[in-house]
Structures are given as structure tokens and as C-alpha cells.
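Peer 1: The chain contents come next:
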Amino acid sequence: MGAKYFGASVRRKEDPRFLRGEGRYVDDIKLPGLLHAAFVRSPHGHAKVLSVKTDAARRLAGVTHVFAFVDLERWMKPLPLFGAIPPGLGARVDVTMKQVGQLAMARDRVRFVGEIVAMVLAGSRALAEDGCELIEVEYEPLPVVTDMVAGGEPGAHVLYPEWGDNVAVFFEVGFGDPAAAFAQADVTVRERFEIQRYVGMPIETRGVVAQWDARDGSLTTWNSTQVVHFVQQGLVAAFGLPPHKIRVIAPDVGGGFGTKATGYPEDLLIPAAAIAARRPVKWTEDRREHMMSAGHARHQVHDIQIAARRDGTMLGVRDRIWLDLGAYNSWGIVLPYNTVAHLLGPHRVPSLHVECRGVVTNKTPNAPYRGAGRPETVFAMDRVVDCLARELRMDPADLRRKNYLTQADMPYELGIPYRDGNPLVYDSGDFKAGLEAALSAVGYDALRQEQASLRAKGVHRGIGISGYVEGTAIGPYEGATVRLDASGHAVVSTGACSQGQGHETSFAQIAADALGIPFDWVTIVGGDTAAIPFGVGTFASRSAVNAGSSIHLAAGKVRDKIVEAAAALLEAAPGDIEIVDGTVSVRGAPASSLPVSRVIQAAIPTFAKPGVASPDFEATVYQHQPTVTYASAVHVAYVEVDVGTGAVKLLRYLVAHDCGKVINPVIVEGQVHGGVAQGIGGALLEEMVYDDQAQLLTGTFMDYLVPTAMEVPPIETVHLEYPSPRNTLGMKGVGEGGAISPPAAIANAVEDALAPFGVRVTRTPLGPSVVLGLLGSAAEK
Amino acid sequence: MKPPAFEYVAASSAADAVEALRRYGDEAKILAGGQSLMPMLALRLARPSALVDINRCDDLEGLAESGGVLTVGALARQRDIPADKLYLAPLTTSLESDELATSARFQLPPEGAGWGFAEVARRHGDFALVGCAAVLALDGAGAVSHARLGFFGVGGTPVRSAPGEAALMGREPTPARVVEAAKAAAAVLSPDGDLHASADYRKKVAATLAERVLAAALSRCGRAR
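Residue numbers (this note's numbering), protein chains in the order written: chain L, 1 to 781; chain B, 1 to 225.
Worth flagging that the hints you see were computed from the coordinates, not collected in a lab. There's no promise every hint is true.
[As the list claims (entries may be wrong)] A short list of chain L residues far from chain B (calculated; beta carbon distances all over 12 Å): (1) Ala38; (2) Lys53; (3) Lys98; (4) Arg125; (5) Ser218; (6) Pro251; (7) Tyr477; (8) Ala568; (9) Leu684; (10) His719.
[Claimed, not checked] Just so you have them, the derived chain L footprint on chain B, three or more residues with Cβ under 8 Å: (11) 2-8; (12) 187-198.
Each residue gets a CB set at the ideal place from its N, CA and C atoms; glycine is no exception.
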């Protein structure tokens with residue numbers, strides 16, 4: 001295969017329509033007779049629902065339908081659960097897990113502020129909201145659980161009386177001999193870190209439109225989701241219809257970040273309302289609803305210890321981890337085990353022991369958010385590594401140099417299984433080379449000199465380093481169908497849905513190369529269950545590898561069919577047929593050239609003769625990806641802290657990363673930049689705050705602060721390419737990486753800047769009030 | 001997040017707007033930029049029965065200077081309210097339900113005055129956690145002849161600092177005196193804490209910023225001739 005497009009910064013196909021405002025999102029779907037839905041949501045963190053009175057709402061002019069649980073009971077199956085324990089993992093790790101599926105509408109108990117209790121349909125959203133105000137719900141408030149550590153102890157109030165406690169996931173895992181490592185160590189450091197609750201905040205909120213077609217008993221639903229096939233499976237289970245009668249379409253989607261990759265009550269409630277009302281129904285999540293009911297993320301506590309020799313050689317790590325799962329354990333093993341599997345990252349650590357608890361609390365249920373356990377665990381590890389460096393009086397860069405794995409160590413087996421049950425084996429990369437590339441590109445030595453000279457003048461700057469290794473592209477598959485039309489143009493259908501990542505471009509680059517046709521001839525269709533019957537979806541940095549591999553292989557099969565047909569048509573040997581830029585020719589006989597379309601037309605039977613081949617120039621591949629492939633990066637942050645106000649200014653941010661073979665460098669940089677921006681939010685700004693009554697205090701953008709362009713410095717990027725041996729094209733995932741290291745890198749930089757004051761950073765976000773508080777408490781010591 | 005139903009009145013002049021306000025009594029709100037009002041409506045925290053839109057009131061536009069006073073808005077004067085009597089609390093003023101703020105008038109600083117401004121915000125453009133502004137002028141002998149020092153973000157209203165100004169007026173603004181003035185100014189503040197900053201933070205940083213803005217104002221001062 002000639003790689004004409006793979007590796008080139010081809011302009012994004014989707015951008016013209018977005019730039020001209022010609023995209024089509026769920027809220028742009030307009031249907032005749034459309035009704036608008038609004039929801040009554042629980043104002044209590046934990047309560048029994050005693051009664052729901054809907055009469056007044058039903059009588060309001062403009063309101064057409066009101067639904068409480070009893071009105072939709074026949075369809076109220078628990079929402080789909082994720083994160084079952086794969087056999088390979090269960091065989092190695094003894095996991096205790098409790099999972100109860102959330103009901104789309106609360107029956108008799110609510111467990112977080114924002115849980116849906118009733119739904120109103122009306123001719124407009126405003127009228128539907130008027131209707132909601134007339135619904136009277138009688139609650140009996142129950143004691144709440146807001147602290148994951150205390151809530152995980154015996155005797156805490158429980159969310160699920162049948163469980164007896166709030167620990168929904170528990171396991172211990174490790175390798176080597178941690179007891180010996182800690183006994184032999186010259187130095188041990190222990191610290192407790194907390195990563196705050198922060199969330200994916202897509203510009204486009206969620207939204208669902210549904211239409212029931214009584215003619216053939218089929219349902220079509222448009223959903224701003226990353227996982228159309230998962231949504232379809234949930235609807236199949238609830239409505240008892242065959243999958244082909246339920247079409248789920250994700251049109252243009254304005255950001256997902258994992259927040260849109262989970263199962264939501266509205267996925268079911270809006271279609272149920274459309275079926276019950278026999279009219280199309282729309283719901284567009286407003287920002288307040290998004291804040292309180294779209295998946296939350298991140299909140300963890302780590303009580304971590306590290307053991308090392310005097311020269312910095314790491315000997316062992318122990319960690320006790322708590323995850324605040326929110327009110328429903330929808331994601332099972334995923335977040336807890338991701339956290340554990342990514343703890344050690346690029347470091348060579350010969351022994352490990354981890355005890356991990358996922359605890360349910362009266363807060364919005366968690367869903368994986370860009371990084372999904374990795375930013376949290378990397379924060380704990382990179383912070384404790386910096387604490388160790390301070391203890392050893394060693395430069396944090398040198399301590400990492402001493403312990404980072406190199407290419408000579410690959411493949412490197414960690415001694416625990418990955419979340420998919422396969423052995424956790426780093427397949428490729430050179431983490432130390434990545435570190436050196438980052439330090440050299442940022443000019444580390446010069447920054448240290450600058451830091452020292454400015455410190456003498458009362459200007460406090462700091463440098464922070466963080467490195468991660470990320471299992472990307474989790475399988476088990478994503479399929480692709482590649483089909484040529486009569487003109488030789490290709491339609492590629494895949495279960496991977498785009499939320500802005502540029503699939504229509506990257507996938508077209510792969511397909512065009514494999515087919516030998518121009519890039520512009522390829523149309524990518526994702527996010528439509530009618531286009532391909534099986535799919536997983538876009539999350540977990542998985543689509544380039546999973547869908548890309550299937551597209552590459554399927555396109556290769558189609559190309560083989562053209563070659564065979566052309567060989568028959570041109571009376572040449574298949575081995576002599578070339579396809580370049582949509583033109584077929586016989587090697588060494590340029591006069592024989594034909595457009596691909598001629599070959600296709602020659603395959604269509606006529607009255608005179610059969611075709612030279614079957615005209616279905618089409619192939620489908622569901623390439624199996626048994627396990628992940630490892631991407632990695634080193635981030636360096638350079639900050640200035642105003643010790644009079646606690647304000648942190650991010651001066652520079654650099655990323656040296658390996659995502660294997662790069663399909664499109666500009667798209668990859670865009671992914672890195674977006675991830676870093678969200679990581680900066682986590683480091684400095686964003687936090688979902690609950691009070692001790694489980695009331696959400698951050699319900700608007702005045703309380704929950706996302707970074708703007710003004711808070712994000714230019715991001716410097718160094719691309720390293722260590723091809724993955726685990727797929728044909730050598731790719732690794734890059735969607736999440738940017739978001740993983742910024743909290744750790746920036747926290748390390750802030751602590752470094754404040755080293756003369758003896759400050760220790762144990763928590764993010766580092767707002768000015770927090771930083772000044774750290775300075776104050778350090779001064780008191 | 002859609003507002004409940006309300007009447008909409010497009011006023012064509014200040015008098016027209018006031019007439020509409022009278023008609024609806026307490027139930028009407030003025031719609032100017034809508035920056036605070038629209039979110040309040042969308043969240044259904046405000047439920048006025050009418051919005052009186054003053055965007056088409058030509059007589060409320062303008063910018064003029066006269067006799068050392070800068071007037072923003074209408075020149076026609078109805079009732080004057082000093083700033084420290086206008087602001088009562090966040091989103092609350094001393095205006096009656098049938099009153100409309102038609103203009104704001106600012107005393108221009110004396111010639112040769114210097115200014116300083118500093119704020120700490122979580123993000124660029126956010127409401128300040130703490131902010132401070134100062135204008136100082138010096139007389140021929142180098143003593144402070146004009147002092148204005150104000151804080152924002154430290155309470156429900158902007159706060160002009162009488163003790164801070166008094167500590168400098170008529171005196172030579174030595175570095176030690178500036179520090180003293182900043183401390184005196186911050187000492188009497190009683191800010192609230194919120195999600196973004198503690199009360200203690202605001203008080204501490206108010207002193208820091210006051211010191212910085214006073215120093216900046218001094219550095220910009222020209223001597224009076």
C-alpha cells in the first residue's frame with residue numbers, strides 16, 4: 001500500500017460545514033407535530049418518593065402528556081450496566097462487586113439531586129417547564145452519604161439497604177514483595193492526595209429526539225451520544241423490538257469526552273414518550289441539567305507510599321484508593337481498575353500492592369471522562385514521586401531519568417492483568433527518551449537557571465513534570481463496511497461515532513490509501529445503527545485503532561476485488577494491476593489505463609453478457625483487538641505563582657508524546673490541545689462541589705469554571721513515533737492523553753515554585769484561595 | 001431553563017419606560033443588556049410579569065464632559081443618588097420600582113493624578129475575588145492632595161475606603177505609609193467567603209492589592225504645577 005494520505009495533515013473534511021454553521025445537531029432535528037419534554041428532578045440527595053401528583057400539570061393548557069413512573073412502568077427496565085469483570089481478570093483478581101441498574105424514572109427512592117421523577121410533554125419547552133412546576137412530589141428525606149472514605153466504612157448510612165454497606169467495588173492486587181521492598185528501603189514517603197470531582201463539559205449538551213413510525217412499528221431516535229449501538233441495545237431490551245426496528249442516529253455531536261458514552265434515563269424516556277404519545281418528542285438538555293445529571297467523574301482519594309534507595313531507585317509502591325462512584329455503580333470495574341492499571345506508568349517499580357474501593361455516594365453517578373481513572377492515578381503517582389525527590393534532595397527530572405523504562409525494556413510485563421483480562425504488557429515506546437525529548441524541547445536546564453535568578457528577585461516560578469503510559473484502543477472490535485458505488489467512490493460505514501475528532505478525515509485517509517482512490521471520493525458514515533449492525537462506539541482512545549484497522553482491511557479486500565475484475569477485463573495477471581488515484585492500469589502498459597468506474601460498470605450484467613465479476617465491490621471486517629496498545633507522554637508545565645495573591649499563571653506547557661504512527665498530525669495536535677485544556681481545568685479551575693446535605697453547589701458556569709482560551713497557553717508538542725506492534729498500521733490512541741498529565745504536572749510546578757516556603761500540594765484545583773491557604777499553613781509549621 | 005411567560009414592553013424614551021414601570025408596579029423589570037436578568041429568568045429565579053426594554057430609548061444614550069464631570073447616559077437630571085446610597089446588595093439598588101437609572105456621573109480626577117488597578121479573578125473576565133482601584137494626586141511639596149481608594153469583591157457592594165484615604169491625605173506617601181494605609185483600609189473590610197475564595201483570603205489579598213495599586217498610582221502621578 002502506498003501511503004499517500006496516511007501521515008499527512010490533510011484538511012478536515014468536516015470543518016467547512018461547522019465553520020459555516022451548517023452542521024446538524026440533535027437540537028436541529030425538526031419534525032412535524034414535535035412535542036417538547038421537560039423533567040421534574042429530585043431536589044433531594046436521598047429520599048423516599050411517597051407520591052407524585054400530576055393532575056394540575058395535566059390540566060395546564062398546552063401540556064399534552066404527563067408521565068410518572070407508574071405511567072411508563074412496562075418499559076422501566078434498569079438502564080444498561082457496563083464494566084462486568086472479564087474472565088481473565090476474574091481469574092487473577094478477587095473482585096467483590098455490587099451493581100444495581102438505575103431506573104430511568106425513580107420508582108420509590110431518589111439517590112441524587114437531579115434524578116428524574118416525572119416528565120411533561122407540551123407544545124414548547126417553556127410550557128413543559130410550566131407543567132413541571134405544577135407537579136407535586138412528596139418526599140421523605142433520608143440521611144445522605146457525601147464522603148467516600150467515611151461512607152465506605154461499616155455503620156455509614158447506606159444507599160442500598162440490601163447491600164449492607166456502600167462499597168460497590170473492592171479488590172486488592174499487586175506483584176513482587178512490597179513488604180520486603182519497604183523494609184529494605186533507605187527512604188519511604190507517604191502522602192494522601194485527593195483529586196476533585198470534575199466533569200466533561202461538551203459545548204453541545206446532551207439531547208434526544210424520538211419518532212415512532214406506526215406504519216411499520218419502528219422507532220427512530222436521534223441522540224447526542226458516543227455509543228449508538230449501546231443505546232440501541234438498551235432500547236431493544238426495554239421495548240422488546242428487534243434491533244432493525246430501532247434506529248439510533250448520532251448526527252453531528254459537539255463534544256463527548258466520555259460524558260456521552262454512558263447510558264442515560266433520557267435515552268429511554270424520550271422514545272417511550274414518543275411511543276406513548278404517538279408523536280415525535282424532543283428533549284435538549286439544558287446546562288443546569290447537564291451539571292446535575294450528566295455523568296460526573298474523577299473524584300478519588302489516594303493514600304500512597306513509595307519506597308526507594310538513597311540513589312533514587314524505586315523499590316515499591318503501596319496505595320489505598322477510594323473512588324467516589326456517585327449514586328449508581330453503572331461502570332463496574334472500569335474506573336477502579338483503570339486507576340490501578342495506570343498507577344505505575346513509565347516507572348520501573350519491582351513491587352506493588354493496591355487496595356481499591358469504589359464507594360457509592362448521594363451524588364451524580366460517575367461515568368468515564370477523558371482519561372477515565374488515569375489523570376487521577378497519575379496525579380497520585382507523580383505527586384509522590386516529586387515528594388520523594390524532595391526527600392532525596394534530587395532533581396525531579398533526575399529521579400525520573402533513573403526510573404523511567406526504555407525501549408530496551410520492551411515488551412515489559414507489569415505483573416498484573418489489564419482490565420480486559422489480558423496480561424498487562426507494555427508493547428512499545430521509550431519513556432526515558434520521551435522524558436529527554438520533553439526536557440530538551442522545554443530547555444529544562446535553562447528554566448532551572450531562570451528560576452533561581454528570578455527567585456532571588458522574589459519571583460516564584462516552578463517546573464513540573466508528569467509522565468503517563470496509557471492503555472489505548474480497548475477492543476474487542478469496531479467494524480467497518482467499505483462499499484463502492486458505480487462511480488468508484490467509496491462509502492465507509494463504521495460503528496465509531498465522531499464528536500468532533502475528525503473521523504471523516506482520518507478514516508478517509510486510511511480508506512483512500514487502501515483503495516487507491518482520491519481522498520475526496522470517500523464518504524465516512526458513523527453514528528447510525530442502520531449503516532452497520534454491530535458496533536461499540538467512540539471512547540477510550542479506541543476509534544483510530546479499532547475502526548481504522550477494520551477500514552484498512554475491508555478497503556484492502558475491496559481493492560482486491562477491483563484488481564481481480566480489472567485483470568479479467570484487461571486480460572492481465574492480477575499481480576500486474578495497479579490502482580492509483582482512482583485509475584486502474586496494467587504495470588508497464590500505460591495505454592491500458594481505465595478509471596475504476598469502468599471496471600465497476602463492466603461487472604454489472606447486461607442482456608449481452610454477465611459482468612466480469614460480481615458488482616458488489618464491498619467488504620466488511622470486524623477486526624478483533626484482544627487488548628490495548630500503549631501510548632505514552634511526558635508533560636512539562638512552567639508556572640509563576642504570585643505569593644501575595646496565590647494566583648497561578650501558566651507560562652508554558654509542553655507535551656512530548658507517542659501515539660504510534662500518526663494518521664494526521666494536525667488532528668493529533670488538536671486532540672492533545674483539547675485534552676490539555678481540560679487538564680488545565682482540572683488543575684486550576686474545575687470542581688463539582690456538594691455540601692454535606694448532598695446538594696450540588698455548582699449548578700451554573702458561574703460556579704463551575706471551565707478554562708477559556710485566556711487560561712490556556714500555547715501548547716508545544718513533540719511527536720515521537722514508536723509504532724504499535726498490535727495493529728497493521730502501527731497506530732495507538734491519542735484522544736484522552738492530553739487530559740491525563742496536566743493536573744500532576746501543574747501541581748508539581750506549583751509546589752516547585754513554592755519550594756522555599758515548604759508547601760505541599762495534596763489537592764486540586766489550585767485556585768488562588770487554595771494556594772494562599774497552602775502558603776499560610778506552611779508558614780505556621 | 002426557559003423563562004415563565006411575561007409581557008414585553010418596548011419603551012421608546014425614558015419617560016415611556018418609567019410610565020411602563022408605574023403601570024406594572026413591582027412586577028416589571030428593566031431589560032437593558034440582560035446580562036444578569038436573562039440567566040435569572042432562564043433559571044426561573046426572577047419572575048417579572050413584564051420586561052421593559054430600554055434599548056430603543058434614544059434619550060438614554062450619550063457621553064459628555066462638563067465642568068470636570070463625565071456623564072454617561074442622559075443629561076437630563078431627575079433625582080441624584082450618590083453612589084454609596086445607590087448600591088445596597090448584589091442585584092439590589094435603592095431605586096424605587098418606578099425609577100430608572102438614566103445616567104451615571106463621574107468626577108474627573110485632578111490633573112497629574114495617577115491611578116492603579118488590580119484584581120484577582122479565577123479566570124480572565126470573571127467577577128473579581130478581590131479587586132482594588134486607587135487614584136492619587138500629589139501637591140507641589142509631594143504630599144497627597146487627592147486620594148481615592150476603593151475595593152470590590154469584598155462585600156455586597158463596592159467599598160470606598162475612608163480609612164485608607166485618610167491615612168494618606170496631606171502626608172508624604174512613603175513606602176511605609178502606603179503599607180500602613182493598605183493595612184488600615186483592609187482591616188475594616190468584612191468580606192464573605194464563597195466557593196471561589198474564603199473571607200480570610202479576600203481580606204488578606206485586599207491589603208496586598210491595596211498596597212500594589214497605591215504604589216502603582218504613585219508611580220503614575222505627575223507633580224502639580
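Peer 1: Each hint: holds or not?
Peer 2: Here is how each hint holds up against the structure:
{"no.": "1", "hint": "Ala38", "result": "violated, 8 Å"}
{"no.": "2", "hint": "Lys53", "result": "holds, 20 Å"}
{"no.": "3", "hint": "Lys98", "result": "holds, 33 Å"}
{"no.": "4", "hint": "Arg125", "result": "violated, 5 Å"}
{"no.": "5", "hint": "Ser218", "result": "holds, 31 Å"}
{"no.": "6", "hint": "Pro251", "result": "holds, 22 Å"}
{"no.": "7", "hint": "Tyr477", "result": "holds, 40 Å"}
{"no.": "8", "hint": "Ala568", "result": "holds, 64 Å"}
{"no.": "9", "hint": "Leu684", "result": "violated, 8 Å"}
{"no.": "10", "hint": "His719", "result": "holds, 30 Å"}
{"no.": "11", "hint": "2-8", "result": "holds (count 4)"}
{"no.": "12", "hint": "187-198", "result": "holds (count 4)"}
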